[in-house]
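Given the sequences, and given the hints that come with them, work out the whole structure.
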Amino acid sequence: MTRAARRRRAVASVAVQAMALVAFLGAWEVLVRLFGGPKPIVPAPSVIAAEIVEIRGLLLSSGAYTLASAVEGYVLALVVGVALAVVFESSPALQRGLFPFFVASQAVPIIAFSAVVILWFGNGPLSKVAIAFYLSFFPVTVSVVKGLQSCDPMSVALLRTFGAGRLQLLWKLRMPVMLPFLFVALRVATTTALIGAIVGEWFGDNRGVGTLILQSLYAEDTVRLWCGIVACAIIGALFYLVVVLLERWLLWWPAPALDA
Amino acid sequence: MADKLTLRRIAKTFEVDSGRVAVLEPFDLGVADGEFVTIVGPSGCGKSTLFNIVAGLLPPDPGGSLLIDGRPAASTLGRIGYMPQRDLLFPWRTVLDNAVIGLEIQGVPRAEARRRALDVIGQFGLDGFADYYPFALSGGMKQRVALLRTFLFESEIMLLDEPFGALDALTRSILQEWLADVCAKHRRTIVFITHDVEEAIFLGDRVIVMTARPGRLKLEVAVGLERPRVPAVVTSAPFVALKAQILDAIREESLRSFAALRTEAPPG
Chain B
173 MTRAARRRRA VASVAVQAMA LVAFLGAWEV LVRLFGGPKP IVPAPSVIAA
223 EIVEIRGLLL SSGAYTLASA VEGYVLALVV GVALAVVFES SPALQRGLFP
273 FFVASQAVPI IAFSAVVILW FGNGPLSKVA IAFYLSFFPV TVSVVKGLQS
323 CDPMSVALLR TFGAGRLQLL WKLRMPVMLP FLFVALRVAT TTALIGAIVG
373 EWFGDNRGVG TLILQSLYAE DTVRLWCGIV ACAIIGALFY LVVVLLERWL
423 LWWPAPALDA
Chain U
1239 MADKLTLRRI AKTFEVDSGR VAVLEPFDLG VADGEFVTIV GPSGCGKSTL
1289 FNIVAGLLPP DPGGSLLIDG RPAASTLGRI GYMPQRDLLF PWRTVLDNAV
1339 IGLEIQGVPR AEARRRALDV IGQFGLDGFA DYYPFALSGG MKQRVALLRT
1389 FLFESEIMLL DEPFGALDAL TRSILQEWLA DVCAKHRRTI VFITHDVEEA
1439 IFLGDRVIVM TARPGRLKLE VAVGLERPRV PAVVTSAPFV ALKAQILDAI
1489 REESLRSFAA LRTEAPPG
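Protein sequence lines, in the order shown, are assigned to chains B and U.
According to the numbering used here, the first sequence is numbered sequentially starting from 173.
According to the numbering used here, the second sequence is numbered sequentially starting from 1239.
Hint data in this document are derived by calculation from the structure and do not stem from the laboratory.
Treat the hints with caution; some may be incorrect.
Under the rule of at most 35 Å between Cα atoms (straight-line distance), these lysine-lysine pairs were calculated in the DSBU-like manner [to be verified]: (1) U/1242 - B/344; (2) U/1456 - U/1423; (3) U/1481 - U/1242; (4) U/1481 - U/1456; (5) U/1456 - U/1242; (6) U/1456 - B/344.
A quick note: this is a predicted structure, and the numbers were derived from the prediction, not measured.
As structure tokens, then:
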């Protein structure tokens, strides 16, 4: 396809997306105005938009606070997850011995665990970082172990005949082969890290989007509640977008398609 | 003068649940410095096992040893260039960076390795393709990149395991001629596995025929044809006679392994 044809196709798909969004919001607005009554459970988009503009300062600071906890937990999950995977990959005995414990730890529902984490790490951002990390690191480990092990044995043999040791095999072969697997986990982890940060705020904090949502719920302020939801959606989408851009930048070669 | 590469009583037996399977029986071979030896044999004769042992990927059974320049080599890893049948190019590396990976592992600085690759890339028919990624190349070109990678790796001995096995007949014959030419320019000691008897004679100074499993040396013939060899040599009388002799030996072995299979098969 030529560059001009690609651009035409991109413009066309953006146009379709914009029309779909306008149609969706329009239908929502009309339905709420027709059937919503004086105090609708789902406020009209125009009302939500007005409130967002009204409390934009609060939304921005809350969003930044929550996103910071989520991103910190996420980065920690990336580092620990990959490191753990490298250890597991290099020692199958260790992997067989310890893996079940990690699986068991993941079976504990985060809600049950969060209260304890707040007790340990307090009401500040640290406890949110811990929960975001806890929710995200294991999928990264599992995915990366699989990626590291998915190397072609013949390629490993080839590098060994050149005299490559373990570290060279890791850097020159296993890491690049593992990258597509890592990014599958990293995309999913944007969501889990954000959930971790928000749920953490519900258990104890006085800042962040999670707190904003909880307080609006207690005050039965549905408009503000929806502002919180919109803020979460925007944060989540931005987070995901950054990871996808990073993936495109780092994975320039045609890799096996792992997307579901 | 000692041979460049000596295999002394190299054997391999694999342990499986139902007992032991002998894949390679004690095998002796000497390859002179600068010699091009080709090995042919029926499928499953243990050629690849032999290569894995020589490359250092598999230990031989106790009692066997490998000698380089007459001295026992504890491990040949990092000392012998090995090229498997598949190109095994890394999709995230350009042609140039794929070619220099062996040098990189040997510790040659990247800039120096690239310079050396660029010096000879033209001889490999890859001029102007240094910055291409492998997915943009044809099968024949990928195979030439893989050969370049093996050539650049600093080793005096090269093992080539059916490097042209997966290519179409035309590309294959062009690459055979080209390989003979490159080998004449860069004096290397080469052991080359193939299924193709014509290829074995066309390229080799000596052809080794292996027996059916367990693999042993069945026949060894010197190819007296003068170099450089032209494609027309394959219809010359000495070439045809050699081919007939080798094909007879292989056929005998293939029949024997086929018969063995039939007696091994459970009755009924």
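To see whether the hints hold, each was checked on the structure:
1. Under the criterion of a C-alpha separation no larger than 35 Å, the hint pairing residue 1242 of chain U with residue 344 of chain B is consistent with the structure, at around 31 Å.
2. A hinted pair counts as satisfied when its Cα atoms are at most 35 Å apart, and residue 1456 of chain U with residue 1423 of chain U qualifies at roughly 31 Å.
3. The suggested pairing of residue 1481 of chain U with residue 1242 of chain U holds, with an alpha-carbon distance near 27 Å, which does not exceed 35 Å.
4. A C-alpha spacing of about 15 Å is found between residue 1481 of chain U and residue 1456 of chain U, which places the hinted pair at or below 35 Å, so the restraint holds.
5. Distance hint between residue 1456 of chain U and residue 1242 of chain U is fulfilled; the C-alpha atoms sit about 22 Å from each other, no more than 35 Å.
6. Proposed proximity of residue 1456 of chain U and residue 344 of chain B is contradicted: the alpha carbons are some 41 Å apart, above 35 Å.
Of the numbered hints listed earlier, the single one contradicted by the structure is hint 6.
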